[in-house]
Amino acid sequence: MENSFPESDNYSLKDSELPISSNRSDSESIIHTKFKESDLAGMEQLYKMYYAVLCSHAVRFVTSKEVAEDIVSDIFYEFQTKQLHLSITISFRAYLFASVRNRSFDYVRTEIRHKKTSLDGAYMLASETEGNPDSITQYEELRHDVEFAINEMPIKRRQVYIMHRFEGKKYQDIAEDLQLSIRTVEAHLYQATKHIKEIIQKKWTIF
Amino acid sequence: MKQPPISRAVLINYLEGKASAFQKQAIDEWIKNPENSDYFYQVLEEWELQNLRYVASHEEGFQRHLARLDAQDPLHIQVHFSRKKYWAMAASIAFVVCLGASYFFKDWIQYKNIQTAYGETKEITLEDGSIVYLNANSSLKVPRFGFGSSTRTVELSGEADFSIKHTPTNQKFIVHTQNKFDVVVLGTEFTVFSRARGSKVVLKKGKVNLQYHTKTGIKQLIMTPGDLISLSKINQTITKEKVTPEDFSAWKEHEFVFNQLTMRELSTIFYENFGLTIQIQDEAIQEMTLSGSFKANNAQELLEVLTRTAGLNYQQEGNVIVISETK
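These protein sequences, in sequence, are chains E and H.
For reference, each letter of the first sequence is one residue, going 0 to 206 in numbering that gives the first Met the number 0.
For reference, each letter of the second sequence is one residue, going 0 to 326 in numbering that gives the first Met the number 0.
Derived by calculation from the structure, the hints in this document are not laboratory data.
Note that the Cβ used here is the ideal one computed from N, Cα and C, for glycine as well.
Treat each hint with caution, since some may be false.
So the derived list for chain E, only partly shown, Cβ under 8 Å to chain H, looks like this [unchecked claim]:
1) A51
2) V52
3) V58
4) E65
5) E68
6) S134
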């Protein structure tokens, strides 16, 4: 890691890094222009620029493509209905990422309190949340714990889990791809879900 | 604090889970400054883009978004307002960046934009002799130059009734809409409705070629007289029925023809034509439907005649109309 980032011993932002940030803020001005055209044009631009990257980030917490997309879609929907482009003072990117992380965190928190083993179907509404974690490091730690729990599993189980939850593949297709019986796929998924939940529960139920 | 004391590399390390406890603490402090947090999310986005877990389709996401707006908010208040914002932008043109200004002027030089206010209708005779009646809260864009020679294309937002002259050279007349569909004709009479909640085309005479955009490309449809084609917001559902075409352009004569109209549809019509919001608390009234032909020159007259016929009461406060049972 250190080698690929030669400036890592320097704790200040270098000039050479600036083009990245100025490019990105330019792209946010496109969104502003589009919102002046119409709300839908603005929203379409937001979707183009941030939807995929946000879904990919959310899935690291919630380990389900469907749930991740629901969370991101909800935030975008509220963004339009509450006309947030008129009121937010931070960048679109900062607002959207912070919201997605917050809601993903809440999802996992609600999830581990649930008795049932399935991680599906427990997506709670924003009104049931209990406030943000005190620090961004908590988000990072939860995310790393989830990733650790996934990586710790035996390889076949991990494959099945990722194909089903992250790529949205059906049992039938996974069974064919990996040459397993559907029953085995189901068993892997059951064990995987249980395993991840246990690990996360152990550390995070204090909340 | 101009320069963040935490470098990109440290942040990347942090995202990879390799930061020390001391660094984590420092970042937690550092990020409390909004400028720094902006920078953090920039790096986070970059990092995520380089390590995508999977690629979600933003097109599908946006389609879902549209469908959801359609289902939960059929009036699309925000879309209606967008035109006004456009004009507000024109008013403050001095502040608009070069790009925006040149775009606007180009548009203004190329097209004549005819608009109607809430409750207003207009009759327009085009250079080729075709007649367009524009219903309330609608706009028609007509090219200033070359209309009738190189092109007969207009752009409609809202509702209009067309009576198109057939030219000796069989020149096509095209009605372009923002709902991703075009009506292509030679010489006919038809009504086009194209608003945020969807689109409708009704054919009175002649033949119409309807071209609409779908996910899988442009599709065509030939209409015959009496056909009503309805396209849902995202052109995913298309329905065809036989109707009395004149009912759909009755507004030209300040007449409203309703056939089993639900209260929900009525409130949509009031919003689109008069900019008024109808509120109905009583569930029994919400279930009612309206049928018949009503003559009215404005919103008040229409409300009067409707409520009188149905035995109801109404009260207006600003732009909100509350309909209730007669006491």
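Structure-based check of each hint:
1. At about 5 Å, the closest approach between the beta carbon of A51 of chain E and any beta carbon in chain H falls short of 8 Å, and the interface hint on this residue holds.
2. Contact between V52 of chain E and chain H, as hinted, is supported at the beta carbon level, the nearest pair being about 5 Å apart and thus within 8 Å.
3. For V58 of chain E, the interface hint holds, the least distance from its beta-carbon to any beta-carbon of chain H being 5 Å, beneath 8 Å.
4. Given the 8 Å rule on beta carbons, the hint for E65 of chain E is violated: about 11 Å separates it from the nearest Cβ of chain H.
5. Interface restraint check for E68 of chain E: the shortest CB-CB distance to chain H comes to about 6 Å, inside 8 Å, so the restraint holds.
6. Annotation: interface hint on S134 of chain E holds; nearest CB of chain H at approximately 4 Å, less than 8 Å.
This entry does not satisfy hint 4, going by the numbered hints stated previously; all others are met.
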